[in-house]
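Chemist: Chain by chain, the residues:
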Amino acid sequence: MVWFATIVLLAWSFNKWEYALVVFLWALVYPLLSKLPFRRIFGASFLFVVWTAILSLLLWPMFLQGGNVVYEWSVFRFTDIGLSVAISYSFRVGACMVAALSWLMTTSQRELIEGLSDVRVPYHLSFGIMLALRYAPVLLGEIGRVREAQKSRAFNWNRGSLKRRFQAFGENARVLVVPVFNRMLTSVNQIALCLDSKGCDFSRPPKRREIQLTRSDKAFLAITLAVTAFFVALRILGYGWISMLA
Amino acid sequence: MSSVIEVRNLRYTYTGSEDLVLKGIDLTVKKGEIIGVMGPTGAGKTTLCLALSGLAPHSIGGKVEGDVVIAGMKTTEHEYGDVASKIGIVFQDPETQLFGMEVHEDVALRLMNMGVPENEIDEKVRSALHIVRLDHFEKRFPYTLSGGEKQRVAIAGALAADPEILILDEPTSELDPIGKREVFDAVNELSRSRQTTIVVVDHNSDELVRIADRILVMKEGKVVSEGDVKDVLSRIGELGVRIPDTVQLGNLLKQHSQWKEYDYPATVDAAYETLSGILKKNRYRALAGATETTEIEEGKPIIEVKDLWHIYDKGEEENVALKELNLEIYEGDFVALIGQNGSGKTTLAKHFNGLLKPTKGNVFVGGLDTRKTSCTKLAEIVGYCFQNPDHQIFNTRVWDEVAFGPRNLFLRNEQVRERVSEALEQVGLKGYDERNPFFLGKGERRKIAVASVLAMYPKVLVVDEPSTGMDWRDSTSMMDLVTKINQTGKTVIFITHDMNLVARSAKRVIVMAQGRVLLDGPTRWVFSQEETLQKAYIRPPEITQLVGKLNDWFESTVLTPEEAYRGLLQLSPAK
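Protein chains in written order, with this note's numbering: chain A, 1 to 246; chain B, 1 to 575.
Among the clues, some could well be false.
Stated by the list, open to error - As a list, the in silico DMTMM-like pairs of lysine to aspartate or glutamate whose alpha-carbon atoms are at most 20 Å apart:
1. Lys507(B) <-> Glu465(B)
2. Lys357(B) <-> Glu148(A)
3. Lys484(B) <-> Glu422(B)
4. Lys74(B) <-> Glu6(B)
5. Lys30(B) <-> Glu226(B)
6. Lys377(B) <-> Glu148(A)
7. Lys350(B) <-> Glu148(A)
8. Lys35(A) <-> Glu138(B)
9. Lys377(B) <-> Asp433(B)
10. Lys306(B) <-> Glu328(B)
11. Lys372(B) <-> Glu148(A)
12. Lys535(B) <-> Asp520(B)
13. Lys254(B) <-> Glu273(B)
14. Lys222(B) <-> Glu65(B)
15. Lys350(B) <-> Glu422(B)
16. Lys430(B) <-> Glu418(B)
17. Lys30(B) <-> Asp228(B)
18. Lys63(B) <-> Glu118(B)
19. Lys31(B) <-> Glu65(B)
20. Lys139(B) <-> Glu120(B)
21. Lys74(B) <-> Asp196(A)
22. Lys350(B) <-> Asp82(B)
23. Lys139(B) <-> Glu114(A)
24. Lys63(B) <-> Asp196(A)
25. Lys139(B) <-> Glu118(B)
26. Lys139(B) <-> Asp80(A)
27. Lys35(A) <-> Glu331(B)
No wet-lab data here; the hints were simulated from the structure.
Whole structure, please, built from the sequences with the hints as guidance.
Modeler: Laid out in structure tokens, this is it:
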């Protein structure tokens with residue numbers, strides 16, 4: 001959790017692309033040291049970074065007109081500041097995503113709940129968040145099955161002109177939403193019953209566990225805090241930030 | 001032995017309803033006993049489990065009359081926590097019982113809630129996982145486990161707190177045969193080693209009778225039969241419960257005096273002992289049988305699969321779902337696709353209507369290359385009925401639900417009306433037009449799903465798991481419907497784990513294992529290939545296994561108890 005918090009802090013401290021790249025690379029250290037599955041972490045982050053980069057490159061230069069013009073076409077004007085901020089955004093969002101994924105994949109549900117309760121999140125809410133995370137792949141699977149079932153009855157979400165598709169939006173949504181909602185309601189009742197059978201009482205959180213930090217945990221925590229302090233100092237000294245008030 | 005469950009005149013009504021779901025149940029269970037509870041859908045089996053566990057009324061409310069005494073505690077007079085400490089309960093769907101990101105968390109959850117000291121939790125979790133044979137699974141993400149493994153984790157979660165009583169409500173209904181066997185073996189071992197009292201509700205009589213000490217049969221909220229496995233099964237008749245093949249054979253033989261020693265053995269081994277004893281004693285002569293034909297009745301191909309590969313996530317060998325598959329399915333075929341979970345059955349079937357496209361190779365449906373043809377177009381040729389009808393039903397009128405497919409084909413209103421009426425009549429739901437599908441039983445919803453596909457006039461009907469979650473009566477009713485559809489000339493392909501349904505209905509069987517076709521031929525020939533079937537972890541129907549063991553007397557493969565009965569009657573004692 002400390003790792004995730006420091007990465008988010010650093011990611012939103014710099015908008016020069018060189019600095020944001022360094023933060024992104026720093027965010028990769030933890031999953032690499034933890035030997036997390038490369039494809040799961042980097043596969044998801046890579047696509048996200050690419051899409052953020054494309055959107056940023058299209059949108060930011062339109063609003064950020066300060067700096068030297070690099071390329072100009074019709075009403076579109078790309079400046080060095082606009083491009084730098086756009087690229088930095090992809091690295092900043094990517095760094096947060098890598099940190100979030102590696103945090104979730106290396107922390108048990110109980111540790112997450114205890115961590116959230118440290119920042120005053122009520123027990124029933126933190127347990128709910130954990131359940132939502134656990135059941136996200138199940139829900140996606142259900143949505144996939146409903147889509148396939150409707151497709152098998154010749155239903156095509158993308159048929160007709162854009163206007164017609166827009167007009168049919170309500171009907172299309174019903175085709176997907178009603179069965180998914182029905183399945184979810186059935187599952188939620190079952191989940192509630194199972195939680196009761198396991199003696200879950202949300203007014204009485206289970207006893208907390210003493211966290212035992214090993215020497216390597218302590219060393220990594222010290223390095224993380226030192227690196228964060230170093231970057232924060234750089235930011236305070238005025239490095240790594242382009243003023244957008246051109 | 002002392003009793004740990006005492007139920008006296010139990011009557012139960014759900015909140016908001018006036019109908020009695022349990023109508024005066026009496027039950028006594030001794031320590032260490034395994035009680036099997038059977039009965040058709042709606043008999044009140046799940047409600048009985050909820051009442052025994054104390055969840056009814058403590059969690060779901062409702063009105064309980066009569067007494068439920070668990071380990072000396074009357075459930076209505078004690079806090080739920082006190083009752084729960086004596087009981088573990090496992091439900092049907094493993095997916096809704098696992099909440100953790102790791103197996104360890106799931107197994108430990110109940111212990112944590114009970115306030116068990118930290119140093120004891122790890123030991124108890126390891127011990128519970130050991131009992132269900134999942135050592136070293138602590139760090140695994142539950143979502144990545146197989147169905148059987150997930151259900152065993154759920155059982156471990158109930159066991160970790162060392163309950164005196166374990167209640168299992170249809171724990172294997174969504175599992176393949178290996179998963180079923182794993183769960184029942186674990187339960188049996190538990191009862192024998194820890195003297196845990198176990199109540200199991202299941203439709204799967206073959207596995208249940210193997211481990212149960214006593215059977216309880218319920219119907220419409222009442223216990224209609226109770227006692228020794230053999231006695232109960234020989235008496236229950238038509239109750240929507242599947243009677244083991246060996247017992248069905250006994251019911252047929254009882255009218256003939258020379259077979260009266262065959263006293264309804266409930267397992268294959270016991271039946272073999274009895275039958276071979278009678279046959280040897282009376283020196284029956286062997287019955288010559290015909291050699292099974294390996295030839296499939298070939299017609300005009302409607303589906304052609306050529307060098308088909310399907311890889312879900314390119315680049316990783318373990319995700320290769322289909323490998324170099326070649327087969328043809330003919331017009332009018334009635335094919336069963338069988339194999340373990342993950343063998344590639346559903347992946348193959350989804351290529352038939354274009355839901356999946358080949359990674360390599362081709363699939364031709366009605367002469368159309370599925371790579372180049374849209375799913376919408378292919379839906380006119382291949383109708384695909386999904387396992388769970390709730391994945392498709394979204395209308396509040398049966399008529400609208402069935403009309404959904406034809407409307408997507410942009411047919412005229414009168415054509416749609418004609419097709420809907422015809423389809424509803426075909427599935428036996430004539431007059432259901434205005435009914436709300438959400439208020440119908442699962443068997444009827446399944447038929448609506450079939451009708452909604454039939455109304456598109458497909459040449460091929462694919463039915464995924466026609467029997468899952470249904471009792472025997474609904475399953476056979478569904479298979480009768482599918483057989484009727486095949487008799488109208490349509491090609492039918494069904495995917496199933498239920499070998500009894502395959503033996504009764506299919507003309508041709510395709511056995512899949514690890515993405516390849518292991519066997520493909522007429523049903524009788526496929527079930528005679530016991531050694532090859534073992535490689536796909538498939539066991540033929542019990543009656544086929546039994547007659548296969550009696551190979552000194554029978555040479556032919558038998559598929560149903562009726563066939564075995566006719567064969568036995570043809571045997572004659574040596575003079």
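Chemist: To test your reading of the hints: which numbers does this structure violate?
Modeler: 9, 15, 18, 19, 22, 26 and 27
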